[in-house]
Structure formats: C-alpha cells, structure tokens
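> Please model the entire structure based on the sequences and the hints provided.
Residues per chain are reported as follows:
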Amino acid sequence: MKKSKLKGWLYLLPAIVFLGIFMVYPLVDVFVYAFQEGFNFASQTYKGVGWYNFSYVLRDPYFLQAVKNTFIIVIITVPVSTGLALLISLGLNSIKPLKNLFQTVYFLPYVTNTLAVGLVFMILFKKTAYTDGLVNLIINWFGSESIDFIDGPYWAKMFVMCFYTVWVVMPFKILILTSALASVNEDYYKAAKIDGTSKGRIFRRITLPMISPMIFYLVITGFIGAFKAYSDEVAIFGTDLNVAGMNTIVGYVYDMLYGDSGGYPSFASAAALILFVIVLTITVINLMVSRKNVHY
Amino acid sequence: MKVVLDHLTKRFPNRTKGEPDVIAVNDFTFEIPDGKLIGLLGPSGCGKSTCLNLISGLEKPTSGKVFFGETDVTDLEPENRGVGLVFQNYALYPHLTVRQNIMFPLQNLKGADKLSKEEMLRRADEAARMVQIEALMDRKPSQMSGGQQQRVAIARALVKMPRVLLLDEPLSNLDARLRLQTREEIRRIQRETGITTIFVTHDQEEAMSISDEIVVMKLGVLQQIGKPQEVYNDPVNLFVAQFLGTPAINTFTGEVQGGHVYIGSEVVLDAPGVPDQEVFVGIRPEGFVLDENGPFTLDLTRVEVMGRDTSVVAAHPFAQSPSVRAIISSENEVDTGAAKVRFSLKPKKVFLFAAESEERIRF
Chain G
1 MKKSKLKGWL YLLPAIVFLG IFMVYPLVDV FVYAFQEGFN FASQTYKGVG WYNFSYVLRD
61 PYFLQAVKNT FIIVIITVPV STGLALLISL GLNSIKPLKN LFQTVYFLPY VTNTLAVGLV
121 FMILFKKTAY TDGLVNLIIN WFGSESIDFI DGPYWAKMFV MCFYTVWVVM PFKILILTSA
181 LASVNEDYYK AAKIDGTSKG RIFRRITLPM ISPMIFYLVI TGFIGAFKAY SDEVAIFGTD
241 LNVAGMNTIV GYVYDMLYGD SGGYPSFASA AALILFVIVL TITVINLMVS RKNVHY
Chain E
1 MKVVLDHLTK RFPNRTKGEP DVIAVNDFTF EIPDGKLIGL LGPSGCGKST CLNLISGLEK
61 PTSGKVFFGE TDVTDLEPEN RGVGLVFQNY ALYPHLTVRQ NIMFPLQNLK GADKLSKEEM
121 LRRADEAARM VQIEALMDRK PSQMSGGQQQ RVAIARALVK MPRVLLLDEP LSNLDARLRL
181 QTREEIRRIQ RETGITTIFV THDQEEAMSI SDEIVVMKLG VLQQIGKPQE VYNDPVNLFV
241 AQFLGTPAIN TFTGEVQGGH VYIGSEVVLD APGVPDQEVF VGIRPEGFVL DENGPFTLDL
301 TRVEVMGRDT SVVAAHPFAQ SPSVRAIISS ENEVDTGAAK VRFSLKPKKV FLFAAESEER
361 IRF
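Sequence order for the protein chains is G and E.
1 is the number of the first residue of the first sequence in the working numbering; add one for each residue after it.
1 is the number of the first residue of the second sequence in the working numbering; add one for each residue after it.
Since the hints were made in silico from the structure, they are not lab data.
One should not assume that every hint holds.
[Claimed, not checked] Quick look at which bits of chain G chain E covers, simulated, 3 or more residues with Cβ under 8 Å:
(1) 179–191
(2) 195–202
[Claimed, not checked] Simulated crosslink set (SDA-like; lysine to any residue; CA at most 20 Å straight-line):
(3) G:LYS199 with E:LEU76
(4) E:LYS110 with G:VAL243
(5) G:LYS193 with E:GLU59
(6) G:LYS190 with E:GLN223
(7) G:LYS193 with E:LYS340
(8) G:LYS193 with E:ARG81
(9) G:LYS99 with E:ARG15
(10) G:LYS193 with E:GLY82
(11) E:LYS17 with G:PRO97
(12) E:LYS60 with G:ASP187
(13) E:LYS140 with G:SER212
(14) E:LYS140 with G:ASN185
(15) G:LYS193 with E:ARG15
(16) E:LYS60 with G:LEU87
(17) G:LYS193 with E:LEU109
(18) E:LYS114 with E:ASN80
(19) G:LYS96 with E:LEU76
(20) G:LYS199 with E:ARG163
(21) G:LYS99 with G:LEU87
(22) E:LYS140 with G:SER43
(23) E:LYS110 with G:GLY196
(24) G:LYS96 with E:GLU255
(25) G:LYS292 with E:ARG15
Where a beta carbon is used, it is the ideal one built from N, C-alpha and C, also for glycine.
This is the structure in structure tokens:
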C-alpha cells in the first residue's frame, strides 16, 4: 500500500514541480511583496510588514482612475457584447443561405491580432493633421463637428474603448451561442408549435433556459476577461495610459513593475491582490445569481 | 373526431443532386373512424412519421387533403388543429416541473380561451390523474424514469383536450418490461378518453396488441388497412405477410401446376383454380401439423421446447431463409435424433404470392 502511494506521488512529481515553480511560488510571492513595506528592489530589503502598500495604492489617483475605467468597461461591454452576440446567434440560427459565410465573417475578429485591430480602429477614429478619420467623416456628413476620439474628451475615448472591446470579444460569444442554440433538440420546438406557443414565449420559456448554462459561462468569463483588460487599451491609446487617462487595473500593475515610474513590486502586488478580491467578489455574486436562473 | 386522408402525398427533394424526389407518403387515402386507436406500422424510413407530421400539421402535404371530421384542416397551422403530439424522446422541458410541463399548453391559450390559474391547475391535476402521475407533480423530468416521463408527455398532450392524439414511436425508448406496461396504459387512456389516437411504430407486435386497426406502410406506399387479426390472417402481399407475426412467416419458392402447389418435388397443398405459375409459398409457423405421413419434408436442425409450445427449427433447400420455424403444441413428441421431419399443413395458414409481383394469389 505504502509503496504504491509513493509510486503515485512519483508520477505526480513533474507536474507538482512545474506548477510549484511557475504557479504556487509566484502566488505566494505576490502576498509576500504586498505586505512588505518600503521594499527596495535593488538591495532586496524591506523596512517592515503591514498594510501600507494597500493604503498607498488606494490613495493613488492613477489607481483610482484605473479602477473607474475598468469598471466602466466591464459594466458596459459584458452585457452589451453578450446581448448582441445572442441577437446575432439567433439571427444566424434562423437563416439558411450564406449561414457559413456569415459565421466566418463574425468569427474573423477572433483570429485577428489585437494590435492589427487597434491599427484599424486608429484609422477609423484618429484625428491627424491630414484627416479627421473615417468616423468623423460620417459625423461631418450629418452636420456635426469632428470629435477627437483618441486624444479628446474622456467619454469619446471611453466610447472607442468599449466599442473596440465589444467588437473583439463578441466572436467567441457568437461561436459558443450558435452552437448552444443548434444543440437544443428540435422536438422541443415542435412540441411548442403544436401547443401554439408564441415566438416570444418560446424564446423566454424554452430557448433561454436551455442555453442558460452557456450564457452564464460567457458572463462569468466575460467579467473576468474585462477586469483583466490591458492589451486592448495599449493597442488604441499606446503605452502611456496614465497620461491618456485610460489606464486599467492590470495596466497599473504593469506600470508599477516595468513602466517609466516602475520598480515597485510591492505596490504592483497590492494592486493585483485588490483586483483579485474584486474579481472573486463579482464571481461569487454571479454564482449566487446563477443558482436561481441557470438550468442544467 | 374521425380523420380522413384524401390522396395525401408528400415529396422531399433528394439530397443527392440529380436523383429523383423522395416520395415519403404516396397517395394515401383512408379514413380513421372516430374514437379508434390506429397503429401506423412499417419498417424504418417508410414514411410513418411523415404521415403523422402531415396529420399534425408540422409538415404541409405536396398534394392531397386532411380532414378532421368534415373540416378541411390541410391549410391550418398545427396549433389550430387541436392535436396532441407525443414524441419518442418525450420532449419534456427539462427545466420545468411536471406540473409546469403539463400546464405549458394551457398557458398558451389566448383571448376567449384563456383559463384562470385555478382552472389550469385543476385540468393539469385531472390529466395527471388520468396517467397516474399525480404524486410526482413537483418533480423535474430528470428525476423520473422513462416510463413516468412518457406518461407526463401523454398528460401534456391530453391536457388541452385534443381532438386527435398522435404518438410518434411512444414506446421505443423504454425497456421491454416498461414497454409492455406502457402500451397497456396507452390502450386504457385511449379507451377512457375516447380520443381518436394514431400511433406510429415499427414494432408489429406492439401495433397488433393494442390497435383497433393497423395501417401497414412500405416505402411511402400504403399496403393494407384492417383489424390486426384480419391483416395477419389475410395479408394482401408478401411484404405484409412477412412483416407481421413473430416468429416470421416461412417463405419458400414453389410452383403451381394443375392446381397443385409444389415445393421442390413435393405437393404440399391443393390450390384448385390457380393457373400454372411460379409462386412464393408463405407458411405461418403455426400452420405446420406434425404428421408422419404428411406431404412436406424438412431437414430437422433442432427442437426448442418452450413450455406450452415446441418450436421445430428445420431447413429446406427451397426456403428463402436459412432456417424454417414451425410451432407445434408441446404435447407432440418430436424425435430429436431424426434427420427428417414430416408435416402436413393447415390450408388457412398457407398463402400463395405471385413470384413477380409478390401479390397474394387467392384460392
């Protein structure tokens, strides 16, 4: 018995070593850094242990701005992208001709590089000395003034950011939802039709409950993904996100580590832990809500 | 409510390009009398389910008409026909309780037909009592056995008091014991409600045991309609004869010459008045009588004694299948060591079919 147990652990050893080095140790290290006050990166020394790093981060206006930006992006893009994806999937599911073509078209953003997409959005929205950009051209047609979406007012920048995020995250959701819709047994719809169920009622009472596990999955991963947003912001506003006022929490963590004002792993760790607590809280709330509304 | 099909035809375009259309239902004309239980019977792919869908309205016929009573319902949508449909896989909504499932059709009613909440609950309870699941009303479908789920599906179809009840392979997903039990249930429920019921099956035993009448189909073509025993005793062609009955009918190639039926060199039966021709001879397993001096000789393979009956398994060079099965009373002693066994035949259990058309030759 004892020997076979030893053998089992031996089999697990490679995985444990790798996971230990690359996952468990860094996780522990984040906690350690976060509570070491006055850590000096060069000498690897610290002055004490306590909550100072957290209080510093929570008073840093850049961090507060990043939290605000992140929350706005999350609150706008998760519902909008999920809702739009559901609408498009329903549409895709109900057409026959060109269905495959449309499915491919809707999936393209998923396989396109973030920076390339960012470049396209720049061309659409950016105001330069030579052109106001494509979107402004349209706005001008309707007789309005040009808006500087990239370097202009906060709401315009946030609009581009949310537009971009929705556009980037939607393909995956459409993919998941079209397959979820296609997997609903046709007999349910036949039974509903025999019973004279209206279209709206079929959607609310049959389709939606049937695909609710997938919607729930998309909402959870959507929340987590949006809270971790960073590269999308860089793609549009460049690396100096604090100046643009468009930083996110993950962006703040990066800046604290490697940015121009970086070299503060303690502050970065504290910010990362705060993000972790936020995501954990939201996910727990999600799970509690879903228990009532998701049917497996 | 009687159901009348009038020259009903349904064509589907062939999936292979250039091939002719598939005719799932070909020129069906028959009448289902009010309050009867009808079994639509045929092998897989013969168009039974399409026929049912045409009656329910889920599919529109290419040509022909469907009448409920005197009313032409051909162009009516399914919900306006007043039909209840039960699916092979039950199609119960998994996220709703039994009570919610049964009430679902009632909640769809609008306008003048709209029911109060109390009335809906009352009718759901009534339907549940009918199929004896009133104790399970708060369960989810996943917490029930297949047989119970099928009862719920029947209750859901009955709750709106349909004029016609349609069952699509209702027993196929059940295990053998439940199947027997549930088919008795269906018979009982149909008797109690008096609703004209049509059910589809590929299992001839199932159809024969509970139907008032059976409709035998093959490749979209109607073969024969009648009371189960009548169809069994008087099949119109070789297909019907072979499809009905377990064990299946034994078929031999034979010949009619001068009013005698020959199988090989033996005259097994007289068929006065039948012109000389090549034929298929169908002999029901119960049509054999053990007889030392009988005209028909078979090569004995083995003898299976099964309580009441004895099944004699034999072979014959002119048989269409490798083994011939004769069922005789177990009171008869069969010499299991013998190489040959001789039989005489019951004329009523022997059918002749033309070799070319496979149509029945009566004599």
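> Under the criterion that the straight-line Cα-Cα distance not exceed 20 Å, is the pair LYS114 of chain E, ASN80 of chain E satisfied?
This hinted pair holds, its Cα atoms lying about 15 Å apart.
> Next pair to validate is LYS96 of chain G with GLU255 of chain E; report whether the Cα-Cα distance is within 20 Å.
violated, 57 Å
> Given the hint that LYS193 of chain G pairs with LEU109 of chain E, does the C-alpha gap stay at or below 20 Å?
Between LYS193 of chain G and LEU109 of chain E the Cα gap is close to 13 Å, so the pair holds against 20 Å.
> Three or more residues of the region 179–191 of chain G near chain E by CB distance under 8 Å?
Holds, because 5 residues of the region 179–191 of chain G bring their Cβ atoms closer than 8 Å to Cβ atoms of chain E.
> Check the hint pairing LYS292 of chain G with ARG15 of chain E against an upper bound of 20 Å on the C-alpha distance.
violated, 45 Å
> For a C-alpha distance cap of 20 Å, please report whether LYS60 of chain E and ASP187 of chain G respect it.
holds, 17 Å
> Run the distance test for LYS60 of chain E versus LEU87 of chain G: straight-line Cα separation, threshold 20 Å.
Not satisfied, since the Cα-Cα distance of roughly 29 Å exceeds 20 Å.
> Given the hint that LYS110 of chain E pairs with VAL243 of chain G, test it: the Cα-Cα distance must not exceed 20 Å.
Given that 20 Å is the threshold and the Cα spacing comes to 60 Å, the pair is violated.
> Using a Cβ cutoff of 8 Å, are there at least 3 residues of the region 195–202 of chain G near chain E, or does the coverage claim fail?
holds (count 5)
> Would you mind confirming whether the straight-line C-alpha gap from LYS193 of chain G to GLU59 of chain E stays at or under 20 Å?
holds, 12 Å
> Does the alpha-carbon distance linking LYS199 of chain G and LEU76 of chain E stay inside the 20 Å limit?
holds, 18 Å
> Given the hint that LYS199 of chain G pairs with ARG163 of chain E, test it: the Cα-Cα distance must not exceed 20 Å.
Answer violated: LYS199 of chain G to ARG163 of chain E is near 24 Å, above 20 Å.
Hint compliance for this structure: hints 4, 6, 7, 15, 16, 19, 20, 22, 24, 25 are not met, and every other hint is.
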